[in-house]
Amino acid sequence: MRLHEVVRAYGDGPRRVAALDGVTVDFDRGTFTAVMGPSGSGKSTLLHCAAGLDRPTGGTVTIDGTDLGTLGETALTLLRRARVGFVFQSYNLVPALTAAQNVALPLRLAGRRPDPAELDATLAEVGLTGRGRHRPDELSGGEQQRVAIARALISRPAVLFADEPTGALDTRTSRDILRLLRDLVDRHRQTVVMVTHDPVAAAHADRVVLLADGRVVDELGGDLAAETIAARMTRLEPAC
Amino acid sequence: MLTLAALRARWTGLVGPFVALCLGVALMSMTALILVSAQPRVPDRYAGAAVLVAGPTVEGIPGTFHERRPWSPEQVAALTGRLAAIPAVTAAVPDRSFYAQAVLDGRPVGEPALADPQGHGWSSAALAPYRLTAGGPPERPDEVVLDQALGLAPGSPVTLLTATGPARYTVAGTLDGPGFYLADPVAAPLARGVRLIGLVLADGADRSAVRVAAEAVVGRDGTVLTGDGRAEVEPPRDVRTRWIGMQVLTAMTALAGFVSIFLVASTFAFGVAQRRREFGLLRAVGATPGQLRRLMYTEALTVGAVGAAVGAVLGTACAPAFGAVLVDAGFQPAGFRVRLAPWPPAAAYLVGLVVALLGVWAASRRAGRVRPLEALREAVVDRRPMTRSRWIGGIVSTGGGLLLTVLLAGAGPDDIVNYALYASMALTAGLTLLAPVLVPPLTYALTWPLERLPGATGMLVRRNALTAVRRTASTSAPMLLTVGFAVLIAGSVATSTGAYASRDAGAIRAGSVLVPAGTPGLSDAAVATVAGTTLLPSTVYAEPADGALSGAVGDAGCTGGGCDRADGTGTAGGVPVVAAGVEPTGFARVNGRLDVLSGDFAAFGGPETTVVTAGLAERLGWSAGSGVGVGYPDGTSGIVRVVAVVADGSVPVEMLFPREVIRAHDPSALTEAVFTAGAAGNGNEDSGTGNGGVDFRAALGARLVTVSEYAAERDAAEDRLVWLATLILIAVSAGYTAIALANTLLMATAHRARELLVLLRSGATVRQVLATVAAESALVVAIGTALGLLVPLVALLAIRSALSEQFGVPVDVVVPGPTIGLVVTGCLVLALAASVLPARLVLRAGPGGGGHRVE
Ligand SMILES: Nc1ncnc2c1ncn2[C@@H]1O[C@H](COP(=O)(O)OP(=O)(O)OP(=O)(O)O)[C@@H](O)[C@H]1O
Ligand SMILES: [Mg+2]
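Order-wise, the sequence lines are chains F and L.
So the first sequence is numbered by this note's numbering: it starts at 3 and just counts up by one.
So the second sequence is numbered by this note's numbering: it starts at -6 and just counts up by one.
Wrong hints could be hidden among the right ones.
[Claimed, not checked] Ranges of calculated distance between the beta carbons of each label pair, as one might list FRET restraints:
1. F:G13 / L:G392: 28 to 36 angstroms
2. F:P118 / L:A724: 51 to 59 angstroms
3. F:G223 / L:L350: 53 to 61 angstroms
4. L:R747 / F:D185: 29 to 37 angstroms
5. F:S142 / L:R381: 55 to 63 angstroms
[What the hints assert, rightly or not] From the derived model, a few chain L residues whose C-beta atoms are all more than 12 angstroms from chain F:
6. F58
7. A77
8. G220
9. E227
10. R276
11. G279
12. A314
13. R364
14. P365
15. L435
16. T522
17. L587
18. T629
Just so you know, these hints were derived from the structure itself, not from any lab.
Glycine included, each C-beta is placed from N, C-alpha and C at the ideal position.
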């Protein structure tokens, strides 16, 4: 999937804010990318545009060769449903539905009957065996986040986006979640794009894209260590 | 699954549409059942006669209902003889009726309608299915057979009031049905013209053969009715009652249908506004806009299907009781009964579903437009409460409403009500749309004292209302509607009734008026108790001018059978004319509004003179100086001369005759009022109390009142119906908007669970939080009331200027204080219940918030 010269501006005239200001970036199949940058640098906006949740005001976003800008609202939704999974920072589960029902929601929206075995497998994958019948308010934050990840994975999307998936979790739970994501990349050749503030979390990725003021300012690759990333980040902070 | 779960989680938002649809469908089922049941019935009094021969029909102006025209005495004799000669007819009985009422314990009882006289000749009893339960038929002139329900045994004395006055009779027997039956020779001189001859047939007689034979006898002089067709002779009063009832019911149902759509639409719209997050989330995990629209439709249909089904069952179950209420209220004739049938509720059910779908239409479109990212935003603070379309709609509606109000101030009497209604609708819509602009300053003003209070409640209430402007606006909108319409309807009825009364009172130059009390009119004996000038109403039948009599009029032509004239007797049709007998000089003295357009009122007085209104003269092609053919209520006819034409509305009827003429031709007629020079109730010899404190006027069914009382009480029955209709309409609209108010508050409170818990967590006690919630609801009611009073006030001021312009008398705006009080109190109670109870439920879990960790 590819973003080319993507611009996303809010408001107009003197109050115009360009959250993204000409971002070009590729996410290759089977890679794990971390997006980092200071607060307000446009990370969430980038993710929303890439996932088709938001429409850029300029530039193109292509997923598997399809330009999202050419699609109508319904077509875009259908494409998103088939190819994109999204994990929000605040889990955003439907409170009225049980964990299993929340996970099965995308399938049902696509008009498919979820196979119970498949559901169990997905829940097991995120370590939630046996909790399927609980409603979100009966689950801890980490558990809710895992339900959200399971929901994003159930339709076997080409790309999984996660916006600060570990932001609200303790170190241990965070590590579990990150291992889970890494595992997906390694075993299922899943493409994962994750926004994070945490260098330790970013260290689980293959590549780190650094944003500042709506622009890509740097890319780190290879064997990433938390310290290197943290150092690069601190250099970036005063820049904004 | 999704819909079911959503329904369970969202019951607060669905209660309103459910109740609205349920009530709407119940109302529609009841109305539909009553509509199909409200068919003419064969009057009991004629149910014993297999074949009825009725006099010729007459054509009045549309919306008026008239009895058939009576035959002349000669015709009655001839017809009766020839009808009785038909084989298998055992008796041909002319129905002779006259006004009669029993006086028990010094009071006339069981006020009969003027057009439904209760006195009959004994032979008429054969037409009814009633049976003698005791005693025998009346034989001597002073004997009477009457209803056993009066509790009088044969042999006991009884006083009967007839058009001449009270007279003493002895009970000869009792019947198991209503009426007073005198011996035929006694009844004949009391009775009005014969309009009906009943044929009693021998057992096993061939009805259709009799019918054919009777038709041959009657020819064009009447109609032969058999079987259910006999229902045609039901009293015109019943036809009118049913007609009025249908008008009211249809208006009520149309209103209920409209308000149901409005309510379903507004609650669903409010629901969508509140569920943007949820919808955004669904969109984010892959729901298409179409799926969200379908979700809304499914919700509406589910609620509609259940609500409408409950409503249809409820309506069917309540229809019989409702029918009885309508009879009591005077909206259905006595004896009306609801017949249950399956299709009216079924039709109402389908209409209910359509209403649900129409109501959800706009909301579903909005739901489909929610974008996925809206799941991520908190939207409690309304940054842009006013959208552009809202501005445009609000300004256009308000402007249109004000324009209509200006037009209203100069409108004629017929347009006042329409203009007032449209103006108020436009103003209401405009204010509702502009509410987000009007609410903050109003809230500022209304809550200004609150922030000065020491506690936190005042501050919280004020800040919450100011922050969530749109929520405050939409929760107070139903209140605006309720108050606006209730005050408008009640106020305009009261204002115009008052105006008409003061106009009428201004036009009567008399000290006091003798009016009927417990009777449909005054007998001659009652009239004789005071000196004054009288008004004796009756109905005459005019032959439209055919040029044969005066030559003053061109060829106005005849319509239908209206011109069949033989030997000076009106034989068919004719135009019914509301007439009255008066004393010419006295009438001219009392009537301050008399406006003679042509001719000479002073020439009015001889037995062959008449005065007509301009409208009637134009309708019939008459003018001053014309000799015109008139059929009298006893069936005879004659020619009278029009001596004067007066302006419409300057006399209370269409045609004036000297009193003696009406008295002579309508023995059963009753005087409507006697205008006297003396003042009423000043305690001296005119107080109406004779020796020993017995109120002799009351025994005669009369009462002396002031002119303004008379003017206010005139058409009291009519006013009562208008008031009842008004109340029903207010109740329906106020009831619905009250449901809307309760429901939006319920939804808003349930939706604010987290906010309330935050308050609790910041150290407020449950009592404090509940007080805040209650105060906020009271504020919403206050804002709605303040805005709601604006609309009718503007409209009422315009109505006042229109009326006082017209009548040339100052008219007071009547602000219906009790109605306002009742409506506001009711809404307040409901609003408090709908917000405080759910808030209690939310807070019961304590600051930890139980199940509310996830919003
Ligand atoms: N709906 C909006 N209207 C106006 N400006 C917005 C809107 N959404 C985001 N912005 C602006 O766009 C810029 C980028 O926002 P974005 O949410 O992408 O930042 P972020 O990098 O995710 O920050 P954080 O790390 O704090 O989550 C910010 O300056 C923000 O103020
Ligand atoms: Mg962000």
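Hints versus structure:
1. F:G13 / L:G392: 28 to 36 angstroms: holds (32 angstroms)
2. F:P118 / L:A724: 51 to 59 angstroms: Once the Cβ atoms are compared, 54 angstroms apart, the range 51 to 59 angstroms for L:A724 and F:P118 holds.
3. F:G223 / L:L350: 53 to 61 angstroms: Given range 53 to 61 angstroms: holds, Cβ gap about 57 angstroms.
4. L:R747 / F:D185: 29 to 37 angstroms: holds (35 angstroms)
5. F:S142 / L:R381: 55 to 63 angstroms: violated (45 angstroms)
6. F58: holds (60 angstroms)
7. A77: Non-interface label on L:A77 holds, nearest chain F Cβ at 83 angstroms vs cutoff 12 angstroms.
8. G220: Holds, since 62 angstroms exceeds 12 angstroms.
9. E227: holds (60 angstroms)
10. R276: About 7 angstroms separates L:R276 from the closest Cβ of chain F, which leaves it inside 12 angstroms; violated.
11. G279: Given a closest Cβ separation of 3 angstroms, the condition is violated.
12. A314: For L:A314, whose nearest Cβ neighbour in chain F is about 40 angstroms away, the distance exceeds 12 angstroms, so it holds.
13. R364: violated (8 angstroms)
14. P365: violated (4 angstroms)
15. L435: holds (30 angstroms)
16. T522: holds (79 angstroms)
17. L587: Holds, because the least Cβ-Cβ distance between L:L587 and chain F comes to about 76 angstroms, which exceeds 12 angstroms.
18. T629: holds (84 angstroms)
Of the numbered hints given earlier, the model fails hints 5, 10, 11, 13 and 14; all others are met.
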